[in-house]
Structures are given as structure tokens and as C-alpha cells.
Amino acid sequence: QKEVEQDPGPLSVPEGAIVSLNCTYSNSAFQYFMWYRQYSRKGPELLMYTYSSGNKEDGRFTAQVDKSSKYISLFIRDSQPSDSATYLCAMRARGGKLIFGQGTELSVKP
Amino acid sequence: GAVVSQHPSWVICKSGTSVKIECRSLDFQATTMFWYRQFPKQSLMLMATSNEGSKATYEQGVEKDKFLINHASLTLSTLTVTSAHPEDSSFYICSAEPGLAGHNEQFFGPGTRLTVL
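Protein chains in written order, with our numbering: chain A, 1 to 110; chain W, 1001 to 1117.
Please keep in mind that the hints were generated in silico from the structure rather than gathered at the bench.
The structure presented is a predicted model; accordingly, all values stated were derived computationally and were not measured.
Please note that the accuracy of each hint is not assured.
Quick list of in silico lysine to aspartate or glutamate cross-link-like pairs, EDC-like style, CA-CA up to 20 Å [claimed, not checked]:
1) Lys67/A <-> Glu1059/W
2) Lys97/A <-> Glu1087/W
3) Lys67/A <-> Glu15/A
4) Lys67/A <-> Glu3/A
5) Lys67/A <-> Asp7/A
6) Lys1020/W <-> Glu1105/W
7) Lys1064/W <-> Asp1027/W
8) Lys1041/W <-> Glu45/A
9) Lys56/A <-> Asp66/A
10) Lys97/A <-> Glu1059/W
11) Lys1041/W <-> Asp66/A
12) Lys42/A <-> Asp1088/W
13) Lys1041/W <-> Asp7/A
14) Lys42/A <-> Glu1097/W
15) Lys97/A <-> Glu15/A
16) Lys70/A <-> Asp7/A
17) Lys56/A <-> Glu1105/W
18) Lys2/A <-> Glu1087/W
19) Lys1041/W <-> Glu15/A
20) Lys1064/W <-> Glu1022/W
21) Lys70/A <-> Glu45/A
22) Lys2/A <-> Glu45/A
23) Lys97/A <-> Glu3/A
24) Lys1020/W <-> Glu1063/W
25) Lys1020/W <-> Glu1052/W
26) Lys1066/W <-> Glu1097/W
27) Lys97/A <-> Glu1052/W
28) Lys97/A <-> Glu1105/W
29) Lys1041/W <-> Asp78/A
30) Lys42/A <-> Glu1022/W
31) Lys1041/W <-> Glu1105/W
32) Lys97/A <-> Glu1097/W
33) Lys56/A <-> Glu45/A
34) Lys1064/W <-> Glu1087/W
35) Lys56/A <-> Asp83/A
36) Lys109/A <-> Glu15/A
37) Lys70/A <-> Glu3/A
38) Lys1055/W <-> Glu1097/W
39) Lys42/A <-> Glu1105/W
Okay, chain A solo, but in the shape it has when bound:
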């Protein structure tokens, strides 16, 4: 079993839809949770960083962490074609290395 599981998609939604991206993990030592966005042939861009259970909002993006269920989510409201990219969840334990999910390819159609 992989430490971090993420549905690779691809996921296709119409413009304006709410997008839900999810990851599950098995290592209870993970304390820091991140979501990255990666456009084709570019490096990952940090979108959200959280370290506690609950919700964190930044504009159209909301990151949710449920440590009891070992489940994290990223919600994108009012999705735009420019949101089309691969979204990677990543997490780490204190002092540990960053472990990535497989990435979900998202396409937002105009």
C-alpha cells in the first residue's frame, strides 16, 4: 500500500463547477499537508499549506484536513479554464521527507 493515495483522474468539469480533489494516507506521523498545482512542463506551485485538522481558505481554494480519517481535500470554487493543471497532494512528518500523491489531472472546460 502506498503511503499516499490520490486518484489520478483525469477529471473534467465545466467552467464554474466546484472541484473536489482528495488524498488518503496511511502514516499517522504526517503532520504537514500541502497542495501543489503543476502546469505542463513547469515546476509545482505551492497552493495551500496546513498543519492542523480543519479548513483553511484562500480565495477560491479551501484545504481540508481530517487527521482522524487520514484524509485531505482541496476544493476549488467557481473553477476556471486557467485552473486546468495537475494537482498534487504532499505531506510529511516532522523532520521527514515530502511524500507526494500521484497527482490528479484536472481539465476545466469553457
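On the provided structure of chain A, position chain W as indicated by the hints.
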């Protein structure tokens, strides 16, 4: 803030030659830098962790003599692919950590696409 640059952005070389890739943190000091490799449609694979002034720590299966890493300063790490072969063709991405208490984020460079002919 938190900008990481890489140079070159792409490089084509002949088999058997060596290629150096630079990773710089532009607006912060990075005590730790990381080198990743990414194949098409796949996630990032950590190759090595580089700490300023000390030897890099390589992940299992990564050849130290082939992928030489130098972290000479708090803002610069280099990856040299020695005697490159076509199977080394990939997208190489570096990341950097600010090294400040309470900050565990990694900020990534734009990547370097290496093609070995």
C-alpha cells in the same frame, strides 16, 4: 517571495557528456534543497536531499557517482549528471526549504528538461 530558479530550463546533450543544472533560492536562504526527477504523467521522485556544507543524502537506487550534488552556499545547489545516457532524459526539478522554525513548506523551481541524444 519564496522564489526558486533553475538554469538551464532545457538542455540537449550528446550521450557520454556531463550536464550541470543550477538551483537558486532568490529571496530566501535555503538550508536544505532537494532534487527530484519526474517522468511524463508521473509524480515527483525524490533523488537526493542536499544540506549546505555537507554531503548530499541520496535515495535508495539513485547512483551518487552519476548524479553529483553540490550545495556550496545557502542559495545555490547544483546537480551534475555525469556521462549522461538517453535513459537519463527526464524533467529534473529542485526545491528549497527556508529553514525557518515553523516553516516546513518546500518551494519548487520551474524544472529543467534534459534530453540526451
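Tested hints:
1. Lys67/A <-> Glu1059/W: violated, 28 Å
2. Lys97/A <-> Glu1087/W: violated, 26 Å
3. Lys67/A <-> Glu15/A: Roughly 31 Å separates the two Cα atoms, so the pair is violated.
4. Lys67/A <-> Glu3/A: Judged against 20 Å, a Cα distance of about 14 Å means the pair holds.
5. Lys67/A <-> Asp7/A: The given pair, whose Cα atoms are some 19 Å apart, holds under the 20 Å limit.
6. Lys1020/W <-> Glu1105/W: With a Cα-Cα distance of about 26 Å, the restraint between lysine 1020/W and glutamate 1105/W is violated, given a limit of 20 Å.
7. Lys1064/W <-> Asp1027/W: violated, 29 Å
8. Lys1041/W <-> Glu45/A: holds, 17 Å
9. Lys56/A <-> Asp66/A: holds, 12 Å
10. Lys97/A <-> Glu1059/W: Holds, at roughly 11 Å.
11. Lys1041/W <-> Asp66/A: With Cα atoms ~28 Å apart, lysine 1041/W and aspartate 66/A exceed 20 Å; violated.
12. Lys42/A <-> Asp1088/W: holds, 18 Å
13. Lys1041/W <-> Asp7/A: holds, 13 Å
14. Lys42/A <-> Glu1097/W: holds, 19 Å
15. Lys97/A <-> Glu15/A: violated, 36 Å
16. Lys70/A <-> Asp7/A: holds, 15 Å
17. Lys56/A <-> Glu1105/W: holds, 16 Å
18. Lys2/A <-> Glu1087/W: Distance ~25 Å between lysine 2/A and glutamate 1087/W Cα, so the pair is violated.
19. Lys1041/W <-> Glu15/A: With a Cα-Cα distance of about 24 Å, the restraint between lysine 1041/W and glutamate 15/A is violated, given a limit of 20 Å.
20. Lys1064/W <-> Glu1022/W: holds, 17 Å
21. Lys70/A <-> Glu45/A: violated, 23 Å
22. Lys2/A <-> Glu45/A: violated, 23 Å
23. Lys97/A <-> Glu3/A: This hinted pair holds, its Cα atoms lying about 12 Å apart.
24. Lys1020/W <-> Glu1063/W: holds, 16 Å
25. Lys1020/W <-> Glu1052/W: The hint holds at about 18 Å.
26. Lys1066/W <-> Glu1097/W: Measuring from Cα to Cα gives roughly 24 Å; hence the hint is violated.
27. Lys97/A <-> Glu1052/W: Holds, at roughly 17 Å.
28. Lys97/A <-> Glu1105/W: holds, 11 Å
29. Lys1041/W <-> Asp78/A: Given pair lysine 1041/W, aspartate 78/A is violated - Cα atoms ~26 Å apart, limit 20 Å.
30. Lys42/A <-> Glu1022/W: Roughly 16 Å separates the two Cα atoms, so the pair holds.
31. Lys1041/W <-> Glu1105/W: Distance of about 23 Å is beyond 20 Å: violated.
32. Lys97/A <-> Glu1097/W: Satisfied, since the Cα-Cα distance of roughly 11 Å is no more than 20 Å.
33. Lys56/A <-> Glu45/A: Given pair lysine 56/A, glutamate 45/A holds - Cα atoms ~17 Å apart, limit 20 Å.
34. Lys1064/W <-> Glu1087/W: Given pair lysine 1064/W, glutamate 1087/W holds - Cα atoms ~16 Å apart, limit 20 Å.
35. Lys56/A <-> Asp83/A: holds, 19 Å
36. Lys109/A <-> Glu15/A: holds, 6 Å
37. Lys70/A <-> Glu3/A: Distance ~11 Å between lysine 70/A and glutamate 3/A Cα, so the pair holds.
38. Lys1055/W <-> Glu1097/W: Judged against 20 Å, a Cα distance of about 17 Å means the pair holds.
39. Lys42/A <-> Glu1105/W: holds, 18 Å
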